[in-house]
Structures are given as structure tokens and as C-alpha cells.
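Engineer: Residue numbers (my numbering), protein chains in the order written: chain A, 1 to 243; chain B, 1 to 243; chain C, 1 to 243; chain D, 1 to 243; chain E, 1 to 243; chain F, 1 to 243.
Keep in mind the hints are simulated off the structure, nothing from the lab. There could be a bad hint or two in this list.
Some but not every residue of chain B turned toward chain A, in silico, with C-beta under 8 Å [said to hold, decoys possible]:
(1) Arg72
(2) Arg77
(3) Glu110
Since the structure is predicted, the reported quantities are computational estimates derived from the model, not experimental observations. Even glycine gets a Cβ: it sits at the ideal position worked out from N, Cα and C.
There are 6 protein chains.
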Amino acid sequence: MYMFIRNDGRNFDQLRPFAFATNFTKFAEGSVLVNFGNTKVICNASVENKVPDFLIGKNQGWLTAEYSMLPRATQKRNERKSKIDGRSQEIQRLIGRSLRSCLDLSLLGERQIIVDCDVIQADGGTRCASICGGWLATYFAVQNLLEKNIISQNPIKNIVAAISVGIVEYEKNQQILVDLDYSEDSNALTDMNVIMNQNLEIVEIQGTAEHQFFSRQQLNQMLDLAEQSLLKIIEKQKEYIKN
Amino acid sequence: MYMFIRNDGRNFDQLRPFAFATNFTKFAEGSVLVNFGNTKVICNASVENKVPDFLIGKNQGWLTAEYSMLPRATQKRNERKSKIDGRSQEIQRLIGRSLRSCLDLSLLGERQIIVDCDVIQADGGTRCASICGGWLATYFAVQNLLEKNIISQNPIKNIVAAISVGIVEYEKNQQILVDLDYSEDSNALTDMNVIMNQNLEIVEIQGTAEHQFFSRQQLNQMLDLAEQSLLKIIEKQKEYIKN
Amino acid sequence: MYMFIRNDGRNFDQLRPFAFATNFTKFAEGSVLVNFGNTKVICNASVENKVPDFLIGKNQGWLTAEYSMLPRATQKRNERKSKIDGRSQEIQRLIGRSLRSCLDLSLLGERQIIVDCDVIQADGGTRCASICGGWLATYFAVQNLLEKNIISQNPIKNIVAAISVGIVEYEKNQQILVDLDYSEDSNALTDMNVIMNQNLEIVEIQGTAEHQFFSRQQLNQMLDLAEQSLLKIIEKQKEYIKN
Amino acid sequence: MYMFIRNDGRNFDQLRPFAFATNFTKFAEGSVLVNFGNTKVICNASVENKVPDFLIGKNQGWLTAEYSMLPRATQKRNERKSKIDGRSQEIQRLIGRSLRSCLDLSLLGERQIIVDCDVIQADGGTRCASICGGWLATYFAVQNLLEKNIISQNPIKNIVAAISVGIVEYEKNQQILVDLDYSEDSNALTDMNVIMNQNLEIVEIQGTAEHQFFSRQQLNQMLDLAEQSLLKIIEKQKEYIKN
Amino acid sequence: MYMFIRNDGRNFDQLRPFAFATNFTKFAEGSVLVNFGNTKVICNASVENKVPDFLIGKNQGWLTAEYSMLPRATQKRNERKSKIDGRSQEIQRLIGRSLRSCLDLSLLGERQIIVDCDVIQADGGTRCASICGGWLATYFAVQNLLEKNIISQNPIKNIVAAISVGIVEYEKNQQILVDLDYSEDSNALTDMNVIMNQNLEIVEIQGTAEHQFFSRQQLNQMLDLAEQSLLKIIEKQKEYIKN
Amino acid sequence: MYMFIRNDGRNFDQLRPFAFATNFTKFAEGSVLVNFGNTKVICNASVENKVPDFLIGKNQGWLTAEYSMLPRATQKRNERKSKIDGRSQEIQRLIGRSLRSCLDLSLLGERQIIVDCDVIQADGGTRCASICGGWLATYFAVQNLLEKNIISQNPIKNIVAAISVGIVEYEKNQQILVDLDYSEDSNALTDMNVIMNQNLEIVEIQGTAEHQFFSRQQLNQMLDLAEQSLLKIIEKQKEYIKN
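Chain A extracted, bound-state conformation (with noise of 0.2 Å):
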């Protein structure tokens, strides 16, 4: 791997500057503002007395996640759409899926927490974004209904963070990089984003070549790229756990 200097200054395997603030707004059971550089996502966990009707009398919970973009999150406004897009659809699910899978669901009782994940400004990585402040917004929610004795035991189970690797092009070379920001992923030839549990074990991985196949040999070069990044959210995510 040769010299590569980012736009923004970082080295292929740096993230951007992040942080969470949480208690962001006041009526939702967990509230975090998440940013990654320029991008920053509303992350609120709510908590609904009901499941979905396919779990109805199953004595478990559930969790599900809604994506979506203030129209001027981007730098062309976008439309209000009718009906959620494709994109965002996908999105969504991705994010439902990997909350739900460090959740105890039985220990939820019937009850649903809804995570929407509204976007107010988008550089690239969204959906990463969403998922590591999904994750402490849910984090939160979940406390709230300890402490209030609603459920007694945690049904959070492990921690998930997530986070976007791809391979672009640089003078005629193949670079891996880490946490790619618009403009980035817009050239890249490979959009990866990895999800992790606190000991490295996969929950989702997605690898999508855009411009170019890629080779196994590259997969694990992603692969460990990210691992030590995800170790570094989770570092801060543990942070915000109580004692």
C-alpha cells in the first residue's frame, strides 16, 4: 500500500471526526444526534406498548427502524416523497436488522421500539452513521424502561457499530479506505459496509462492486480495515454504559 493523502487530510485508515449527543430531543425514550464528519443523523428510540401483528401473543418484543432524509439534507434538494424510495427502504431494513440482532427480544415483553433515524445532513455513510446511533438510542430506551421497572432484566445483549470500506482509484492504483465521505464514495469502485458486534463477530456485511469486480484477496484487506475501526466506536459507545 503506497502513499495516499485524503481530501480532508486523513490517512486510508482514519474516520472522520465523530461524536454522539444524546438527550437530543426531550420526548423520545432515547435520543442521540450522531455525526461522522458533515454528516449527522436524529437517532430517537421509541417505545410502543404493541408488537406487529405477527407477534401478537408470542410473549416477545420487537424493533424496527425508519430512514429518512430531510429534503435539504444533501446539496440539491431532494423531493418529500409519497412513498418511501427504494433506497431508503433498504436502508431502513438494514438498520432494523442489525439492532434487532443484539437484542434479547424475549426480555422486551410485547412491546416495539421504533428507531427513526432522520438524516439532516448527508456526506456519505448515512446508513453507519444510523446504525452506531440507533444502537445508543436503543441503548437508552431500554434503560428508561429499567429504571422505571417496566422489564427487569437487559435484554441488550451486545454492542453494534457499524462502518463503510471501499476501494477507490488513485493514479492508476487500487487504495482501500476507511469511512468514506461523499464525494468518496461517489468514485468508488467498491461500497462495502460492515457490521460488527463488540468481538468482532459479523452481524451484516454488504460488499457491492460499482465499477470494477473485486477479488477475494480484497475482501479480507475491507474486512480488516474495518475491524479496527469498529473498534474504536465501540470504544466510545461503551462510554455511555452504566455501571
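Let chain A serve as the given structure and place chains B, C, D, E and F on it in line with the hints.
Structural biologist: Frame of chain A; chains B, C, D, E and F shown alone:
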């Protein structure tokens, strides 16, 4: 008028603390986070180089507004709607009319300003906050056009601000209040929104008897109270205006 | 105020000829065809033995209104819409609020009155005509319930009527007018709808500066003019009330 | 065929009283209120200076129809629908085909006639009434084009009329009836709509066994009865035709 | 009637080769692939243990049909529609009525049979093919209920079949044809669908003059031709009936 | 890895019998019925002489895919949906990306290939079958363009194929399997779809922990198994390629 202390300790004629955070998001030509107490609205003004069909070739611009709430802006989560509901329609039409009234549209050229008002926390008075913040976002978007020499003359001819006034019943007396929060608003006998310019000329007035009719005399008392408050808001808006 | 002859020869304070044709259709519990000049609206009040979800078990009734235009009610044909547009939403919510204000809903039992206002010819003032005709249709529907002993006490406590007033410019003078027809309405500087009861208490007031702000003094002149006209309409509505 | 007195006293081969009120609304190029007994339909024919996409540049016109019911046209109120239901689709396609059959579309130029059939009271036979009234509305719209010299030759080549016939069971006998009202229609064994021109040539025939199959012989008896009735309706339509 | 050879070499009274492939898919209670020449329709009959709302508690069953085309069933690809179009509505209502006519619904219990007719290749006559194939799929679904002792008596009382007949113009003569393919259908002067049972009693008849009116005499000729053809189809359907 | 016999007698690394029936329907430029065991999908590739808006004037083509199931493709009938659901959105976007990856779009000219994947029987692995069959349908559509000299150079640069792999638990052991049928898929701990080209370069990889996280080691075992199977499918696809 007799003595009356409001839940949050305000006097009957006292506004909640209010503020405008400017440059709230990065991409919109004008971006303001406005709050009146716990009510918080992101107002993003976007400029587009096209006008609605009915204005094509008429050599003038347009301004339109869209209003929406995040699902968990409220105490109880609201579902995302596939189509805009009647209340939101009414509100965004009001915001649009109010902001258009302060513009000389012919000085804007064939351009449209879209003001997105997204409520992230709702505690009463969201439409009035949207108009106050939306005016400032529009002002910044217009400054942006002037600075880039896209237009040469300032189309903004007036400042507009909006405030709610209402009548509540307290120990069998009817009491007039300004800037009602959610708990006051939901029990009000009468609810009125007053939109005026810096000369206290009327842009729009909408008064509704929710539970009891009101008299011409009460109408005038409410207007007097609104006028005092609007002057305070306009004073703050003026601080952002360049010399 | 100076001399001014309107297109159709009316004085500034003169209503168009108006009338209520009762029992206009056969099935509705109350059915009225109302006209103000060329504006014609079918107002059908239907009684249903159920209330909206939010009122179930609350031991009270409800009234709601729906407003629509036949495609060729207007000079140019409008397409049938798959969803209700913003203007119609606003209007039907106004009609509903106005008609509810005259009812003691607890005397209605768990019943809903739906007032359908279908405009068959539109020449300005359709929302005001709908409120006047809708009140009478509601009155007949309630009489029907009383005659059949379905309810024992009359829930109608007030008469409501509505009228438009506005300001037009004529030879550089501003002139206040009542009951604007379409040609007057589309050129008005200000447009205001005033809904009052038989004691001239205010039910709702909605005034909009369309092209020019208006003053508190003009507001009062418009209200004075509306009051005179509303008394004439209410006098006619009273003729239909049984002793 | 044995003796049989219908609920409303008609003979089996007797039409309900029917009439056409012309110039019913002010703006449509042709406007007719048609009634057959208690069935009342407003038929408005509008002329537009454009044709559907598939006809652009083909140097011919088009006619289309839309059919709808006011919510309280029926004994029980129907909700307004966000999309047109199957029954209405079927009916408006039938009305459109029937009215197109009497036109030489090439004489209309690149224009479209839209015939809106809005049922204000429904007591059986609404589609047949719509065709009869819609033909007359179309005739007036075409006269309007001729009088204004927009077209030079009359594109209307035929008169069309429609009537329902059916088979009901009465004291174990099957009885053929014409112009069924709602109570007869809902109990009919067979329901058939016959649309013919002034020479008794067939435009469309739709017969459905609702509860019992019918024979070729019964088909012929129903057609004979329809022919007599259609001649009476066409005689009335002819009264409106200018020399 | 004079000599006339059709494009595909058929005589005027000759059906296209037709066949029923049974057990076409694995899961449906009755599954048939029917073809008439190049027209191919998958007819799947599904049994559900519930009835539409209007039949709940009435101790009888129901049958309904849905009709759709694959996007590339036709020469030019059609877009998938978000709502069913008018033509498909008309067709599926016809299929449903025709198949219901052969059932004693009270013997079905509170069950619904849904017959899905999905056209995979369209070359004219898809609605008639759907009725013929749909009947057979319904028959198999009912056999399945009988074999599993879910019902004890066979609710199928009749066989129904459907065929198209029409009038085309050929060298200035009008020629009656049966089983029109797409090229014949799109040029037909008249198009008629005839649905009959095994006794040649009429279930439904729909005849439309597309370009020219037709006479009672032609109607009778078309019905004679339809009868011959329907007997051939019903003979084939009978081969699948168990003794 | 220990001994394990699958329900249908397959070994853990054994594909279900699979086949491609070509020219399945008559009108599509490329038409293939693909089956993997009981999973059956009609893949029709249609060529249109226009591209999506975002590509107009860019001198290149496009490929998009649509995925749908017949209502009774499954054991329980699914209702036809008025809008595409999230799962189908995800699948058709995956099919589209995978098939685009094998094309040089600039050699296609301003044309779009639409690949309709309609599942007529679903028993697991429908998205992978759609990609395999869709590739072949695309190949035939491109051959058709070459044979008609509409394009001069073959834009297909690679073969792509797809297969599912997963982890199931059997007697407390975790077992990796290839080509899961529905019963295996619904109990899998992990489900992964692997799409590769003929050189075993990765097009897309999507792995999801459904009930239990998985390790990097298991990821590699699944990829090894997928590679073997994809080579077998690609071998079969090659049989259809002209010399």
C-alpha cells in the same frame, strides 16, 4: 384583567425564551434553527432556478413552504404519513402566504425559494415559530443570491413575524395569553394566530373559537397583546440584518 | 367611502341574491341547495350511528364536513383528483369547525353528522355558502332525529352564518366590499371570511393580505360590514326554524 | 305473459317519467340534468383543445366520460374514494364507448369532449340515464362549436339512447321488465343494458345472469321490449335537435 | 356467407388449438395453464377460510377473480401499474361473475375461492381463456376440498365456458368470426364475448360495436357461432371431470 | 464438518437440479424460465429505445430489473400489492446491479434493457435464480440486437451467477449449506448471497446473521462453498453462448 401565573411562571403577556441559531445545516442557502421554549423547528430555505408551471415566462419568482414533523417531535410518536394531512397542508399554505407577502417577487427573477420547516420538537406554536424562523432563512438565502450577484436588488421589502394569542379559562375567569405552549393551547377557548410586518400592518389573522365564541372586544384585546409581542420578535430579527 | 358601482350593479354593502332550496335530494337526513348569486352548493347532512375512533366510549357525538367541486363547476374544467388538495382540506376543516361550534355534542349521543358540500357552480364565496347551507342541512338532520325520538333534546344551540369581505382597488382608492364574486375575489388586495352566530359573536375569522397589508382600522371596517350582512342571512335561516 | 303490477304502479313495459333539464349549469359547453323517476344525473360536456397522447397528430378528436356519485346519492352514504372503484370504471367506459359511436371523430378536429356524469340521486338505471343525458349534453357542446365556427360540419351522425331490461321472479313466474328501479334491480334474476341508435341498430348489449341463467328466447323478448322503450326516449331527444 | 381464409389458415368458425395443462404450479389448490393459440394464462384457484366482510355470518361462500398481465405478455412491454386499470377491472369482474354463476355458494361454507388469472402471453381472447381455465382450476380446488372432507357436497352445479365472436370487414364484405386473435380483434367492427353453460343457457353476453353498429340479425348469427364453439370447449372441460 | 443428510437427500455442497428453458414466451427479446428445484422464475428481457432521464444524452445504455411474485407462488396466497414492498425493492435493485456489472453500457447505445423476473413458484433462492436466469435472458436480448445489426459490438463482457449459502444448526452442530430451499432458509442462522463472475471475482456479497453472529472463518468457508457451486452454474450458462 386579574392576576394569573402560568404553569411555567410566565406572565400573561410574556413570550417564552426564543432564539435563532443560524447556519444550522451546511447545504441550504439559508438555514435557521428557531426555538420558542421547547418548540424547535429547522427552517431551511433552498433556491431553485425554476418556477412552478403557472409562472413560467412571467418574469417573476415564487416562494413556497413545506411543513412537517419528525415522528417523535411529540409526546406520542406519530406515524410517517404517505400523504400530507389536512393540518399540515393548512400550516404550510399559511407559511407560504406569509413569507411571500414580504417579497417583491419580480426582483427574484425566475427562481423559487422553498422553505422547509421541519419540526424536531413540538410544544405549541410551531406554525408561528416556522414563520419567524422561515423569514430569517429566506433573508439569508436572498443575501446569498445578492452576494453572488445572481440578483442585483434585494426583493425583501418587509419583515414578518407571527405569534399565537388565545383565551383560556382559569377559575371561571377568561384570561388572554400570548405564545401558548402545548398544554395551554389544548385547553384554550379561543386560539388566534396573528402575522404582521414591522409596521404592525396585518399579513394574516386566523382566529378560531374552539370551545366558546368570542367578542369583538376580546378580538381587540388579543390583537393588542399580539402587537407588543411581535415588536419584540421583529427587534430580534433585525439584529441579523446587514447594514 | 366614495361612490362605486360593482360589475353586477350591486352596492359595496349589498349581498348577491341568495336562497336555500330544501329537500333537494331524497335520501339525506338534511338536504339543501344553497346559492349566492351564481355560486351553487349542494349541502347534504347524513347521520351515522358511529363516531370517529378518538371519541368511542366518550358518550358524545361529532360533526365533520367534506367539500368538493364537480369538475365543471368552474369556467375551466378541473380534473378529478385522487387525493384531496390543500385548498379543499382547508375549506372542509373550516366548515366542520364552524358547524360544530353551534352544537352541544353531548346531546347528539354517539352519532356523527357528515355534511357533504358539493359545489356544482362556483362564482366566489363557496366556503361561506357551504357554511350557511350546511347549517340548515344540519338543522334538518337534527329535526329528523328529534321527530323519530332518536334524541330527546335539541343539540343545536346557535345559528352560524358566514360571509366574505374584502378590499379591492378601484381608480387608486381602496374600497371595502361584501360577498365578493369570483372576478372581485381574484383581484382583491385582502380577502377575509367572517363566521359569526346570531349574537354576532365570532366563530372564526380568517383574513389574508393577498397583495397588500391591511390596517387594524380596515379590519374593523370589514368586520362592521360583515356583521350587517350576517344578520340578513341569519334572518333568512330563522325562517326555516320550527316553532 | 301474465298480469303484474309493479311497486310504483307501472306496467311491465312502462318507462318511469323521464325528462331532460337543459342549461343546468352555467359554464359547461353542454349541461343537462336528466332524471328517470328518482334517478337524477348531472351530465356536463366540456370541450378541451387537446386530445389524449395516443391521438396527437392524428387529426381527429376524442370523447371520454367520467362517472361518479355524490356520497349521499344513495340510501346509505358512501365514502368518497381516493381511487375510482371497479363498478364506476366499467360504467364510465361504457358511457364513453356509447357516445363515441355516434360521432365522426375526424370532424371534431384535435379536440376532446369530456362528459362528466355525476349522480346526485340514485334509484337504479344510472348508467342508462347517463348515456341518454350525456348524448344531449354532447349535442349541445357540438352545437356550441358549430355556432362559434370552431368546426364547420356536425360530427354527430346518430342519436344513442340506453335502457335497462331485466327478468324478475314474481309468484314463481318469471316476468320481463323495462327500466328497473333500485328495488327491482337488486332482486332481478337477469339484468341487461341495451344501447341502440335511432335505427335500432345495436351499439352495445350487456346482459348478465345474476341469479339464474337465461335463454336465447328470453334474450329476444328483452331486446323487443328494449326497442319499444328506446324509440320513446329517442323521440324525446329529437325534440331538442335544431332544424 | 362467402369464402374467407384467415391469416392463420383457420376457417371462420374454427377455434384456435386450445389445451389445459393441469397442476401447473405446486401450491395452488387448483392450477391450470390454459392456451388458445398463442394466448396463455396461468389460472390458480386458492381457497381461503374467510369470506368478504359483507358475507360474514351468512353461512355461504364466495368466489372472486383477479386478472393481470405480466409486463411482457404483449408485443410492447407494459409498465407494472400501481393500481389496476379500468380494462383489467372490467375483465376480473366478468370472470368472477361467470365463475360464481356455476356454484351453489351455500355448499362452500364460509370460504372464499380466489381465482388468479395471470396472462403470460396475450394474443387476443385472454378474458375468455381465463374463464375456461378458471373454471377448471375452480373445479380442481373444489375436488381438493371434497377429497379432504372439508365440504361434503359438490357446490359446482354447471360448467361454464366463454368465447369471443366478432365481425370483421374483408374486401367490403362483413364476415363473422369466432375466437379472434389479436390482429383480428384490433380490426373488428364488432366484438362480442359469450359465456354459456353446458345447456347453452346464457351466463353473460357483452357485445360492443367498435366501429359500426350491428343488427339483431348479426347478433343472432354471432350467437349461433358461439354456441357451436362453446360445445367443443365444454366437451374438453368434461374430460377432466371425475366420475 | 460431520455427516449430514438434507431433507431432500442432498449433500451439504450439492445444488438442487437446475435448468434454463429458453424462448419461454414469444414476445420478449430474451425469455428464460429458470428453475432451481421447485423455485421457478420467468425472466423476460425487453429492449426499449430510451434511457432513464438521468442518462439522456450521455451516449450510453442502462439495464434495470423488476421482481415480483404471482400471488400464489407461495404456500399461502399473498395479496397483490398496490405498491412494491421493501423486500422486492431490495431484490430487484440487487438483480439490476448484478446484471449491469457484466455490461459495457457504452456499447449498448441509448437503450435500456428491462429484465422482468416474475416468480411463479417460490421455494427459496428466488433472487439468485433470477440473477442466473436474468443473465441468460439479457444475453439473448443482446444477441437479438447484434443479429439485427442494431448494435455492432457485444456489450456483454462477463457472465454472472448467484447462489445462496448459509449456516443451519443440526443436532447442536453448525452446518454450512449451499442453495437453501425454503424450509432450510427459514431456519438458517446465517443467510448469504454471493454473486460472482466467471473468474470468481466478486460482484456482490450480502451476508446476514439472522439468529446468531458469524465469524470471519465461517465467512470464508461459505465463500469457498459458493465458489464451487457458481462454477457449475456458469458452466451451464456457457452452453448457451454462441461461438
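Engineer: Now look at each hint and say whether the structure bears it out.
Structural biologist: Results for each hint:
{"no.": "1", "hint": "Arg72", "in the structure": "holds, 4 Å"}
{"no.": "2", "hint": "Arg77", "in the structure": "holds, 4 Å"}
{"no.": "3", "hint": "Glu110", "in the structure": "violated, 17 Å"}
Consistency with the previously given hints fails for number 3 only.
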